[in-house]
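Residue numbers (our numbering), protein chains in the order written: chain D, 1 to 210; chain R, 1 to 219; chain X, 1 to 234.
It is possible that some hints are incorrect.
[Stated by the list, open to error] In silico DSS-like pairs for lysine-lysine, Cα to Cα no more than 27 Å straight-line:
| # | chain 1 | residue 1 | chain 2 | residue 2 |
| --- | --- | --- | --- | --- |
| 1 | D | 61 | X | 69 |
| 2 | D | 178 | D | 128 |
| 3 | D | 206 | D | 30 |
| 4 | D | 29 | D | 128 |
| 5 | R | 218 | D | 75 |
| 6 | R | 218 | X | 143 |
| 7 | X | 74 | D | 12 |
| 8 | X | 72 | D | 69 |
| 9 | X | 219 | D | 12 |
[What the hints assert, rightly or not] Taking beta-carbon pairs under 8 Å as the criterion, some of the chain R residues facing chain D (in silico):
| # | residue |
| --- | --- |
| 10 | 9 |
| 11 | 18 |
| 12 | 75 |
| 13 | 79 |
| 14 | 80 |
| 15 | 82 |
| 16 | 85 |
FYI, nobody ran anything at the bench for these hints, they're computed from the structure. Note that CB positions come from ideal geometry on N, CA and C, so glycine has one too.
One-letter residues, chain by chain:
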Amino acid sequence: MTNYTLELSDVKKFFGRRLIFNNLNFQIKKAGVYGISGPNGSGKSTLVKIIAGIIGTSSGKVTHNLNGKEIIPEKLHDHIGFVSPYLVLYEEFSAWENLELCAQIRGINLNEQRVIYLLEKFLLLNRKGDLVKTYSSGMKQRLKFIFALMHSPALLILDEPTSNLDDEGKSSVYEIIKEEGSKNIVILASNENQDLSLCPEIIDLKNFKE
Amino acid sequence: MKSYALFLKDFSSEIRTRYAINSLAMFIIVAISVILFSIGQERISPELTAGLFWVVIFFTAMSGLARAFVSEEERGTSLTLQLIASPTTVFTGKLIFNIILVFAMNTVIAILYAALFEAFIIQNFSLFLLSFVLGNIGLAISSTIIAAIIAKAGAKGTLYPVLSFPILLPLILTSVQLTLFSIDGTGFEKSIFELAIVVSYDVIMLTASYMLFDFIWKE
Amino acid sequence: MIWKIFLFLLLAFVSVAGIAFPIVERPSAWYEFPLIPGLEENAKIIFFHVPTAWLTVIAFFMSTVYSFKYLKNKNLDDDAKSYTANQLGMIFCILATVTGAVWAKFAWGAFWSWDPRQTSIFALLLIYGAWFALRSSIESEDKRATLSAVYSMIAFVTVPFFIFIMPRIMKGLHPGSADDTTSGPVVDFNMNSNMQLIFFLSLIGFTILFFWMWRVGYKSLIYRDKLNKQLIRG
Numbered sequence: 001m002t003n004y005t006l007e008l009s010d011v012k013k014f015f016g017r018r019l020i021f022n023n024l025n026f027q028i029k030k031a032g033v034y035g036i037s038g039p040n041g042s043g044k045s046t047l048v049k050i051i052a053g054i055i056g057t058s059s060g061k062v063t064h065n066l067n068g069k070e071i072i073p074e075k076l077h078d079h080i081g082f083v084s085p086y087l088v089l090y091e092e093f094s095a096w097e098n099l100e101l102c103a104q105i106r107g108i109n110l111n112e113q114r115v116i117y118l119l120e121k122f123l124l125l126n127r128k129g130d131l132v133k134t135y136s137s138g139m140k141q142r143l144k145f146i147f148a149l150m151h152s153p154a155l156l157i158l159d160e161p162t163s164n165l166d167d168e169g170k171s172s173v174y175e176i177i178k179e180e181g182s183k184n185i186v187i188l189a190s191n192e193n194q195d196l197s198l199c200p201e202i203i204d205l206k207n208f209k210e
Numbered sequence: 001m002k003s004y005a006l007f008l009k010d011f012s013s014e015i016r017t018r019y020a021i022n023s024l025a026m027f028i029i030v031a032i033s034v035i036l037f038s039i040g041q042e043r044i045s046p047e048l049t050a051g052l053f054w055v056v057i058f059f060t061a062m063s064g065l066a067r068a069f070v071s072e073e074e075r076g077t078s079l080t081l082q083l084i085a086s087p088t089t090v091f092t093g094k095l096i097f098n099i100i101l102v103f104a105m106n107t108v109i110a111i112l113y114a115a116l117f118e119a120f121i122i123q124n125f126s127l128f129l130l131s132f133v134l135g136n137i138g139l140a141i142s143s144t145i146i147a148a149i150i151a152k153a154g155a156k157g158t159l160y161p162v163l164s165f166p167i168l169l170p171l172i173l174t175s176v177q178l179t180l181f182s183i184d185g186t187g188f189e190k191s192i193f194e195l196a197i198v199v200s201y202d203v204i205m206l207t208a209s210y211m212l213f214d215f216i217w218k219e
Numbered sequence: 001m002i003w004k005i006f007l008f009l010l011l012a013f014v015s016v017a018g019i020a021f022p023i024v025e026r027p028s029a030w031y032e033f034p035l036i037p038g039l040e041e042n043a044k045i046i047f048f049h050v051p052t053a054w055l056t057v058i059a060f061f062m063s064t065v066y067s068f069k070y071l072k073n074k075n076l077d078d079d080a081k082s083y084t085a086n087q088l089g090m091i092f093c094i095l096a097t098v099t100g101a102v103w104a105k106f107a108w109g110a111f112w113s114w115d116p117r118q119t120s121i122f123a124l125l126l127i128y129g130a131w132f133a134l135r136s137s138i139e140s141e142d143k144r145a146t147l148s149a150v151y152s153m154i155a156f157v158t159v160p161f162f163i164f165i166m167p168r169i170m171k172g173l174h175p176g177s178a179d180d181t182t183s184g185p186v187v188d189f190n191m192n193s194n195m196q197l198i199f200f201l202s203l204i205g206f207t208i209l210f211f212w213m214w215r216v217g218y219k220s221l222i223y224r225d226k227l228n229k230q231l232i233r234g
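Let the sequences and hints guide you as you build the complete structure.
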């Protein structure tokens, strides 16, 4: 089970003078897969970015705790894995180089065993030396998963995780989501019913517009 | 070290694409050629030479130093960096890259000037070296923080010199003065005030940049 | 309403007094000004040039304060205040540069000679211009406010270099620079008491004018934004 907790209290977000969502309150204390749903433009990507610490709230607080101690914003990226359609990796490098460089910039040693396991799981092992420029969009999406998982984060945030994937890719992703959900917290934002069927609890952003 | 790893990533990327080496080198050659053609056979004074030296340095910097941040924004990899590094690490890594780039560019410019401009004869070499090092650092710091701003503004290249020039003006004015002193052979004692200005500029801009970068980087 | 009339009368008096009162060797009447060696008739520009120069710096300072507040609280009202201060600051900067150039023509023979103070006011003009250029290149309100606030603060950090250090080390023609032994009529108070009076009245009058225009400016910006938001809503 996980020692990680996430809490959102009275989170409100404006873009300029336009309200995105208001009075958002929830707590996640147990491992599992949690869903965020809502129509396009309802603020799913915004909420997911706020949880990941990429953008800030207009008011209210997001607190990440590990073993009872709060994680400071500068260190948050060590504990989070993030996948989204607008995430882009470095195309002039190969998959392996990308993962290696990212580990070095994170300041950790590359966990070769784990990376090879993930490359195998996502069917990219034989293309690991090829430049990302040559990848198809499905392959890039799968590489993003490896990028999100290679440092074994306690919180996995997935925005539209099955975009660009064929059925085989989707089933690899679902397997990983279930695997991660059994010991870590997975937050999944999507409007695909198939994705959301993995989530026992779902927050619908339609309810937070006032 | 994390910032160093980020610098190495940019450096490896640079070696693969060879952007800076190609276009910046050409820019330096073109800029100096334009000046030489305009001067023609005229003899120009040391004052003018020192000024033109920093003119080429300024415009070369404006050509090449924004890339550190603009390339990340354009390709969408800013998000990637946000997910793997703290803002301080990002700024330090980009700053290291720009400092190295500035030193490389300006050394080339200095060598070309020494070869091509007859008034560019350095009498007080150690003063020149000191003001060169301090001035380059200041140039890199200011250029990097302004590059971060325009990258986030999604602005075209023309905005970069417009924003950078007022910020760099105290540094350029003082550095031109110091270059002139080193050509004239003025001693250290007479240049202490100017050197102090450059040192304080470097320190102040570095502090301000680190404090403000968080606001630029995180939306 | 009363104080607006008062302000109008004050500035009218200052303008008339500043321009029309004669300068004589030995002032005897209350409306006569003393002769300051080196400046003579041109001394009158002090009533207009110095206040506008002071105010452009104050405007810039205020804009930086509100930029800092915006970065702390992310309240767009602070951004509106900062914007209005910069608008006014730019106007006063242009006025200060022009009145300075006019004086330069009469006193030194040329409109512009890159004296350190002239360079400083020009640099301030460049900063204002760059700031507006930056703002107009960003669509999103939040980003625009944040990035221009950051630029304000970076620019503010370089301003002390211009105002205090450059004029001291570089030779200049301006009263108060390294070359000038009289160190300027303001610092020395070579003005006699009625000149001082007009001068301070001018300073006060222009300052009140500035704050009034600033208040009107930022309030109308905020109202306009709120009206726009209502229009979008309904």
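Violated hints, by number in ascending order, as checked against the structure: The structure breaks hints 4 and 11; every other hint is satisfied.
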